[in-house]
Amino acid sequence: HEEALIFEQGQAGRSGVDLPEVPAVTSRLGNLARKGPIGLPGLSEPQVVRHYVRLSRRNYAIDMGLYPLGSCTMKHNPRLNEKLARLPGFADLHPLAPLSTTEGAVEVMGVLAHWLKVLTGMPAVALTPKAGAHGELCGIMAIRAAHVARGEGETRKRILVPESAHGTNPATAAYCGFTVDPVPATAEGRVDLAALKAKLGPDVAAIMLTNPNTCGLFERDIREIAEAVHGVGGYFYCDGANFNAIVGRVRPGDLGVDAMHINLHKTFSTPHGGGGPGAGPVVLSAALAPFAPLPWVVEKDGRFALVEDDKGQSFGRMAAFNGQMGMFSRALAYMMSHGADGLAQAASDAVLSANYIQARLSDVMTAAFDGPCMHEALFDDRFLKDTGVTTLDFAKAMIDEGYHPMTMYFPLVVHGAMLIEPTESESKESLDEFIAVMRRLAEAARAGEVDRFTGAPHYAPRRRLDETLAARKPVLRWTPPAPAQAAE
Amino acid sequence: HEEALIFEQGQAGRSGVDLPEVPAVTSRLGNLARKGPIGLPGLSEPQVVRHYVRLSRRNYAIDMGLYPLGSCTMKHNPRLNEKLARLPGFADLHPLAPLSTTEGAVEVMGVLAHWLKVLTGMPAVALTPKAGAHGELCGIMAIRAAHVARGEGETRKRILVPESAHGTNPATAAYCGFTVDPVPATAEGRVDLAALKAKLGPDVAAIMLTNPNTCGLFERDIREIAEAVHGVGGYFYCDGANFNAIVGRVRPGDLGVDAMHINLHKTFSTPHGGGGPGAGPVVLSAALAPFAPLPWVVEKDGRFALVEDDKGQSFGRMAAFNGQMGMFSRALAYMMSHGADGLAQAASDAVLSANYIQARLSDVMTAAFDGPCMHEALFDDRFLKDTGVTTLDFAKAMIDEGYHPMTMYFPLVVHGAMLIEPTESESKESLDEFIAVMRRLAEAARAGEVDRFTGAPHYAPRRRLDETLAARKPVLRWTPPAPAQAAE
Amino acid sequence: MRYLPLTGDDRAEMLAAIGAPSVDDLFRDVPEAARLSGPVDLPRHLGEFEVEQAISAMAAKSRHSGVMASFLGAGAYRHHIPAAVDHLIQRSEFLTSYTPYQPEIAQGTLQYLFEFQTQVALLTGMEVANASMYDGSTACAEAVEMARRVTGRHRVVLSGNLHPHYAEVIRTLAALHGTEVVSKPAAPGGEGDLSGDVDGGTACVVVQYPDVFGHVTDFTALAKAVQGAGALLIVAVTEVVALGALVPPGAMGADIVVGEGQGLGVGLQYGGPYLGLFAARAKFVRQMPGRLCGETVDATGRRGFVLTLSTREQHIRREKATSNICTNSGLCSLAFTIHLSLLGEAGLVKLAALNHARAVTLADALAGVPGVKLLNQSFFNEFTLRLPKAAAPVVEGLVARGILGGVPGARLWPGDPAADDLLIVAATETNSEAEIAAFAKALAEVLA
Amino acid sequence: MRYLPLTGDDRAEMLAAIGAPSVDDLFRDVPEAARLSGPVDLPRHLGEFEVEQAISAMAAKSRHSGVMASFLGAGAYRHHIPAAVDHLIQRSEFLTSYTPYQPEIAQGTLQYLFEFQTQVALLTGMEVANASMYDGSTACAEAVEMARRVTGRHRVVLSGNLHPHYAEVIRTLAALHGTEVVSKPAAPGGEGDLSGDVDGGTACVVVQYPDVFGHVTDFTALAKAVQGAGALLIVAVTEVVALGALVPPGAMGADIVVGEGQGLGVGLQYGGPYLGLFAARAKFVRQMPGRLCGETVDATGRRGFVLTLSTREQHIRREKATSNICTNSGLCSLAFTIHLSLLGEAGLVKLAALNHARAVTLADALAGVPGVKLLNQSFFNEFTLRLPKAAAPVVEGLVARGILGGVPGARLWPGDPAADDLLIVAATETNSEAEIAAFAKALAEVLA
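Chains as they are written, first to last, in the numbering used here: chain Z, 1 to 488; chain V, 489 to 976; chain H, 977 to 1424; chain L, 1425 to 1872.
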């Protein structure tokens, strides 16, 4: 069954909503009342429900199976959190409601902030950033503001970024007006400390580093790196996308971090929702704390208050209101459910599971680096050499086996990278089933069953889609067929 | 992907629920503390969620497509109703909570009762029956109680039931100790009035009649039938399963009905939920009202009260508590959403849609009877004659086309019956698509494409299942594999 | 009209295709006098917001267990239901599907029913279970009917400590067949052995476990006596969580075990929909009421599930059916089975232990209130107090203090003065120790 | 630990397969001094019931719009969201999926994004729209950045009647690049033509429609003047429902239209997550930030959808990306598109008309209160009052009467005495006529 676009299903006059009669009033629309039709389709509620139920069934989801997207941390999303986020005391609260009426929501923000600070060993947190990349922006802006406050705003224009960094890191640095200076990796997949030190100087504003890094490895020299950067007056921005690997076991504050965003949707399991919303609170060192964006929460005698106006050094406002409240309540429920013990256990299990996959697949696939990984296992495409099967083909063949592919071609420092992150949410049975499928596929590739890969997926709602065509001739919206256009 | 049984997935010690530590107390279990294991599997929450999400995806549902099950009224289930039924003021209310604390729930029952009485034109309603068949039981018990009260309990032992009746009708009559006397149908699919009259006598307790009947036709002689039965001192029980066809347009009270159950899950759209729960309130004539089961709701000055104890003629109690409260709130929301105007429109649309299907398919399939149908269109298998395709095969082929089959082989009075009830929830586009598929199938059957039918379904989660094997060697539960058994 | 997709144009086109001048014409078989000329005397349709406001206003009039400290039991128990349960049962594919008559596209429902039947059999210690009944009370009444069919006898003995509503439902149904029902008197302090009430004409004895006053009694000897007389022992369990802590009725020799499954997954809901559990010895399977799901294979040999043995059921057997039950509690059985799957063996055992511990704490606290007497030697999560005065007004006094303090005897045995000073009190995992202390304090105040 | 499936046995087996003596050993790359030897100083894990109790207790401290009559706007609006919206967005397949990077198994998400983009383009009257931004304010700031890129100029003119938070977000970002931001003074009585503020170095002019005080202004002439000077006109819409009643910004000549989509499907949520709408002329498409979904075909020629033009995005372009935005508001865009699909053309138009009618009724009622002056000649569902005294304490007085009576000027322009007596008031379909009357009465009392 093909599901038509909603625009192809509608009929004029029909609606899935009933509203009371509109009282007759004299229009005050200032002569700007809309004249023509908007062009929206009309559907009844049963049609709308069916449309979206049918569409949903063409998606893969963590609730359907293992979702091994490295660096994305697709873990279980507890339904309790969905329930609590919908309590009217949070969900039906206006962001500009009198502060005397919003105490409960501010308390959630305050308690969440406390957990984040304790877990990271950092003294402050900015809650407002709306996603990970927004958090990076917040951190780099705080760093910039600190340099400006020291009178070094004009001189510190360079930010060091490892080659293996998430694309958002260089994008953020550049967006903030900095020059991006790439730092090479060692053969074992970590930052080249010597090369890094060689790049340090009085024009360095900061280093942006992911740790555990995008190769799934812990940066052993992390404290030396922090020390070296601090030594030249720079700050250490840590990309917290991989915090899931160490939460409860290692505190970034103990590593010399000055700012780190936390993807609540990764480490603390607010649902990814097909691409957001996320939430990217940023923990800050004492040096950076004064520059945090508005608004923020303060605690006094166990009660919490929202500060919307500040005469101090805040670098400004990153978004209109109070951050991703709907994500805060979910993340807090997740944290309280795990507790200090459970969060550490989750990190341990995530690391154990990734190492288990690495250990069980290394004889048929090629692990990119030796030694233990953290929460994700990185393979390269050497095992596909001369098979005629690419990393992409291999990934698409996983779809036919009922799995979402792993992250492909990232990190860039590894050829044909395959980055597998099982997370702590998978049972051993589930891991074993996945491993068995991956082994079968690897063996099939080497046995020359090329068609199985190059033609994949065969059993998905769609065969391979033509992305080149989409980009060459962009069709970004539905337009009515010609006769209807003529009638307009 | 095959989904293992939950018992095949578990591991000892694991749980998807966290509970606080149990304080040490001295057991008061009277030496009956359980000794051995229960045998339940242990799973974490992510595993459980995934199990049921995966299972759900092997079901067909009204939210996925048209569900033309005649006599079952698979209509749209508004989500508003789900939301309201879950309000803590209803959902978290104990059935034996002090009556001073349950006013809101009793009000729902009272208002629902009012709507049902006005819509049926009947003076009383018993809310407690838990499903349609339970409602039938209630109605027949009230009739029995009335006869007993008149001293005719021993003499009136016969209940007339048309051949085309729902199976529950004779089952109920027999269950209540009556003799079931079948009434034949005319060639045009209605009760044979003459035959009926011939069967009347002083030993007749009641007639049980469905109207519109199970052939989808309105019993034209309904008032004569009621009069005749009343004339010999019997009562008229109307099976309300098909009330959807006439709600808001015809009142059973005006037809001479003494008792009728109302399937809230049909006419008023409480979800079928894969087989219940239902709710089967029974409206009663003045003659039967005194015998209604406990508890009931009384109104005084716009306030409602629950009566749990009665010194009058009530025939007793049908279930422990207050009926299907969770269904009452849903049904009331449905009624209020439609209003008097909308309910009548729904009936009109249901009848229009069924007639549209009958009209558009009658040239390729064979309509069982001439003339307009009510809310369902009945076909027989004459059009399949000599094709080698049975009604069952035809139905299974519909699955391959993405549809749930219609009701088959019911009513029994028609050979190879196919009973199609589209309901008012389908758009014309949806009806047209269904009609096109049915036409294609009918033409394929006549074109000799037998394999397409006899092997169907080909594209469902399962091919045709062996029901005979299941009944011959019943396996009604999982049992652990032999080694595990030995270990117990 | 948001739920009705047909437009005026659609209707006109459809009438044209039918060849009917109007929709009214399609109703021409309805006697003219019975056709309404206009809408009935009820309000017109309302928007979703208006309906939500109106019904929410009704809900807001209730003082529910979420805002009161609740110690109510006597056949319905408040347990915490994990959020995942309600999420999953609302999946469209579960919520909006019909009875799985087309198994090829209903394996989701059928597999969970098979798993549910297994869980119920394991919990009760019985060999087979069906796919659910309306509730515990109707399941119990159906068990009595089944015992009549199996034994061909027409005398039924009911324990006096069977929930009085259950007994009333049995008596109501039994009246249809002239069955003799022997109802023993209630024994708040615990009931003695019923073996002496069994005779050669007895179809069954019905007992409750734990009984309505909370006592936990060993029925092993009774089972032997009942079966020795050719009758069946029916055990009713109104608090299914108890089976996580207690010897299962099957191990004591029950022939049929019925139960109320509301405590797992379903919730209070002011009494319905609930979930009837029905389990029996395998030899009686063809006499059981209700749907059964069984394992089989498809045309390619893959395991699959179907409704089976439907030759017992009304839609096939009509007047020869074992019951008139048709629609049952499908979605409630799903909620139950999900909740129990989440708990698992370890979780259920711990939940039961926690319930018992809370009840022990509560019993000790309340028994310490001057004038209050605890009647139970044994109990699971519920027990009975004898108060120094009538319990019903005491309960109202507790309501004023934010406590739903139990079910007074007069509510269950109206008109029986011996029940007036009885109070049946339950505790579950939802009752904190602070609530328990507050209850004891409030009771002392009210009784003072 | 209900969310963690591994058992102790599992962990031991896995360690054996890895060949590691312990999990700690897998953390051996972490500097020893940085490894915590025990749990951090936070509470231990809690059961679901305990978490629910604790967080519900926090929620219960809020006096939300459901229990107060709410007339709050100023950038966030309370509309009734049909229950179907929330049900559908909670489908596992939507809720727990990732960004649709594997289009073959993400057609559900991709098709609704394509439909969403179309709806946004239609509503705004623009040619193309992206797949969402974080919220209206960040969308607005991104539009300014885009205007800089398109024009190569570094001067930005902000209407004084642009929401001050939006202006602040723009200024915060603009500071990064030394962009000159000309912020016009707020004009509560309505702002004059800004054409005179545009010069040859101007990248863009940003106006709001309706503006923060509620005025509805025709920007057709301004668009011509702006474009004549080689700059872009950016129109921000904070109340998307207004577009059901008003001439779309595209028809007035806007180059970029940004909006806050929270009003449809998303709800108030104390400020987030919200939904940034972003639409532009087609010629600017390769300069747009954010994800875009496009139509294509699969290997068998069937229509399908993919994320496209990702060469603009950070995960491909890194430091050359058009924005650093990555995760956006996927699920909020789903809620929006479902709500709008339910409304349809007729529903949205009626909803907008109803909002306007309620606001007219409210404006007339409040303007009748002695001492109160309505500053608007034109408005949609929101307007501004000048009170005879400071508005903030008046709002507190209204809170005491169960009314959330608007946003005081001091909340938005802290420290600006000219704003102290301003009150911005909104009405939507959720405000009944009775609430409106009660508000007028209460305001009179508080001002008396």
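Do not rely on the hints blindly, as some may be mistaken.
Using C-beta positions, here's what the derived DEER-type ranges look like [stated by the list, open to error]:
(1) Z:Thr-26 with L:Lys-1813: 25 to 33 Å
(2) V:Glu-642 with H:Asp-1340: 55 to 63 Å
(3) H:Ala-992 with L:Arg-1726: 55 to 63 Å
(4) Z:Arg-220 with L:Ile-1740: 29 to 37 Å
(5) L:Gly-1576 with Z:Asp-203: 22 to 30 Å
(6) V:Pro-511 with H:Arg-1362: 24 to 32 Å
(7) V:Pro-611 with L:Ala-1824: 22 to 30 Å
(8) H:Gly-1176 with V:Pro-511: 45 to 53 Å
(9) V:Tyr-897 with H:Gln-1203: 35 to 43 Å
Subject to a maximum C-alpha distance of 27 Å in a straight line, what follows is the list of computed DSSO-like cross-link-like pairs (lysine-lysine) [stated by the list, open to error]:
(10) H:Lys-1259 with V:Lys-523
(11) H:Lys-1037 with V:Lys-605
(12) Z:Lys-473 with L:Lys-1707
(13) L:Lys-1797 with L:Lys-1744
(14) V:Lys-799 with H:Lys-1259
(15) H:Lys-1037 with L:Lys-1485
(16) H:Lys-1259 with V:Lys-961
(17) L:Lys-1485 with Z:Lys-300
These aren't lab readings, by the way, just hints derived from the structure by calculation. On a predicted model such as this, the values are computed, not experimentally measured, just so you know. A virtual CB, placed ideally from N, CA and C, is assigned to each residue, including glycine.
Hints numbered earlier in the text: which of these fail when held up against the supplied structure?
3, 7, 13, 14
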